[in-house]
Amino acid sequence: MAAAAVRRMRLGSQGLEVSAQGLGCMGMSAFYGPPKPEADMVALIRHAVRSGVTFLDTSDVYGPFTNEILLGKVHIK
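The working numbering numbers the first residue of the sequence shown as 16 and each following residue consecutively.
Derived by calculation from the structure, the hints in this document are not laboratory data.
Just so it is clear, CB atoms sit at the ideal spot from N, CA and C, and this is done for glycine as well.
Any given hint might turn out to be false.
[What the hints assert, rightly or not] Simulated restraints, written as ranges between beta carbons of each label pair:
(1) Leu26 / Ile91: 16 to 22 Å
(2) Ile91 / Pro52: 18 to 24 Å
(3) Val89 / Met24: 19 to 25 Å
(4) Arg61 / Arg23: 30 to 36 Å
(5) Pro52 / Gln29: 33 to 39 Å
(6) Glu53 / Val76: 28 to 34 Å
(7) Ser28 / His90: 28 to 34 Å
(8) Glu83 / Gly48: 16 to 22 Å
(9) Ala19 / Pro49: 17 to 23 Å
(10) His90 / Glu32: 19 to 25 Å
Just need the whole structure built from these sequences, with the hints factored in.
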């Protein structure tokens, strides 16, 4: 069965369009126990993006920069 398309919506007044569903990345790097296995988190982010998720919630306060470095390791073609 094919996955349903992720709904998109406008963000703010600049006309940017993002997925209505986002992916919170905080637990991937910090706060909810030890950091999760990097390969698993890269696979999760890749799956989300390929499914249409374009809103990835990160913050440099989790590391610093560990979330952003993790996102940089996700190569989408």
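**Prompt:** Holds or violated: 16 to 22 Å for the Cβ distance of Glu83 and Gly48?
**Reply:** holds, 21 Å
**Request:** Starting from the hint 28 to 34 Å, judge whether the C-beta atoms of Glu53 and Val76 obey it.
**Result:** violated, 19 Å
**Message:** Against the range 33 to 39 Å, how does the distance between the Cβ atoms of Pro52 and Gln29 compare: consistent or not?
**Reply:** Roughly 37 Å apart at Cβ, these two residues keep to the hinted range, so it holds.
**Prompt:** Ala19 and Pro49, beta-carbon distance inside 17 to 23 Å?
**Reply:** This hint is violated: roughly 33 Å between Cβ atoms.
**Message:** Assuming the hint says 19 to 25 Å, is it satisfied by the Cβ distance from His90 to Glu32 or not?
**Reply:** At roughly 23 Å between Cβ atoms, Glu32 and His90 fall inside 19 to 25 Å, so the hint holds.
**Item:** Outcome of range test on Cβ distance (Ser28, His90; 28 to 34 Å)
**Value:** holds, 32 Å
**Asked** In this structure, is the beta-carbon distance linking Val89 and Met24 contained in 19 to 25 Å?
**Response** holds, 23 Å
**Request:** Note whether the CB distance of Ile91 and Pro52 lies within 18 to 24 Å or breaks it.
**Result:** For Ile91 and Pro52 the Cβ distance comes to about 20 Å; the hint holds.
**Request:** Using the Cβ atoms, figure out if Leu26 sits within 16 to 22 Å of Ile91.
**Result:** holds, 20 Å
**30 to 36 Å as the expected CB spacing between Arg23 and Arg61, which holds or is violated** = At 19 Å between Cβs, range violated.
Going through the hint list in order, the structure does not satisfy hints 4, 6 and 9.
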